[in-house]
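Build out the structure end to end from the sequences listed, making use of the hints.
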Amino acid sequence: MSTIRLLVVEHHPLFRRGLLALLAGCHSVEVVGEAVDSTEAVRAAGALHPDMILLNDHLPGVSGINQTLLKLSAAAPHAKLVLLASNEEGPHLDAVFQARANSYLAKTIEGDMLLGVIHRVMRGELVVSPELLPRLVSKLRNADMRDEAPASGEHTEDLQGTDRLSAREQDVLQHVARGFSNKAIGRALHISDATVKAHLTNIMRKLGVSSRVQVAIVAHAGHGWTGSSPPSSGHFIQ
Numbered sequence: 003m004s005t006i007r008l009l010v011v012e013h014h015p016l017f018r019r020g021l022l023a024l025l026a027g028c029h030s031v032e033v034v035g036e037a038v039d040s041t042e043a044v045r046a047a048g049a050l051h052p053d054m055i056l057l058n059d060h061l062p063g064v065s066g067i068n069q070t071l072l073k074l075s076a077a078a079p080h081a082k083l084v085l086l087a088s089n090e091e092g093p094h095l096d097a098v099f100q101a102r103a104n105s106y107l108a109k110t111i112e113g114d115m116l117l118g119v120i121h122r123v124m125r126g127e128l129v130v131s132p133e134l135l136p137r138l139v140s141k142l143r144n145a146d147m148r149d150e151a152p153a154s155g156e157h158t159e160d161l162q163g164t165d166r167l168s169a170r171e172q173d174v175l176q177h178v179a180r181g182f183s184n185k186a187i188g189r190a191l192h193i194s195d196a197t198v199k200a201h202l203t204n205i206m207r208k209l210g211v212s213s214r215v216q217v218a219i220v221a222h223a224g225h226g227w228t229g230s231s232p233p234s235s236g237h238f239i240q
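Whatever position you read off the sequence shown (first residue = 1), add 2 for the numbering used here.
Take the hints with a grain of salt, since some may be wrong.
[What the hints assert, rightly or not] As a list, the in silico DSS-like pairs of lysine-lysine whose alpha-carbon atoms are at most 27 Å apart:
no., residue 1, residue 2
1, Lys208, Lys185
2, Lys185, Lys199
3, Lys109, Lys73
Note that these hints are calculated values from the structure, not bench results.
Rendered as structure tokens:
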């Protein structure tokens with residue numbers, strides 16, 4: 003396995019030094035740079051082209067984390083973005099729901115778990131700390147969805163549990179939660195891309211959500227697995 007080139011962005015010196023000490027003990031991770039604010043982070047990302055950027059979700063020097071994520075994505079388009087939540091009270095939903103971040107973690111995460119998440123994210127998974135789920139789902143229930151409102155004549159149900167889904171929709175849901183693309187889901191379930199899209203439309207309508215990430219979060223928060231156990235490569239730290 004190739005070495006993961008990682009940029010650390012953290013403005014608290016003590017926590018940053020702790021991260022660096024932890025990462026120094028992992029042979030498959032190389033810290034290629036450090037930054038303490040958004041300006042330094044964007045500059046370093048453009049110069050170093052890291053595989054992953056590990057950053058605090060409350061950095062000095064910006065009006066919001068989304069602006070930082072957008073700039074980082076532009077500076078290093080292929081870098082995975084892993085957010086560390088400053089607290090459990092205000093997770094930035096846009097960072098998760100608009101897929102600007104590949105992972106959202108509580109700062110209370112254990113070191114060995116963080117190292118595991120780094121490797122899981124590099125494999126294409128989206129990982130969220132379970133501590134953040136209650137707040138994420140609560141905000142999802144109350145989120146203003148006007149910008150993504152359904153077209154006239156369509157109906158979006160209130161946020162519901164996954165027990166309302168058909169058996170086939172449950173199958174599709176589990177694969178979405180594992181990060182499968184529509185084509186990969188189609189291959190796994192032996193159905194066409196068009197059928198996958200139709201199932202996803204029905205799933206989002208029944209769950210009362212409007213994106214794939216929202217689908218996955220609601221699925222895991224509701225433990226909505228029927229017929230089998232949750233996939234071992236799912237979104238959440240075990």
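So, going through the hints one by one against the coordinates:
1. Lys208 with Lys185: The hint holds at about 22 Å.
2. Lys185 with Lys199: Status holds; Cα separation ~10 Å.
3. Lys109 with Lys73: Measuring from Cα to Cα gives roughly 23 Å; hence the hint holds.
Consistency with the previously given hints is maintained throughout, with no hint failing.
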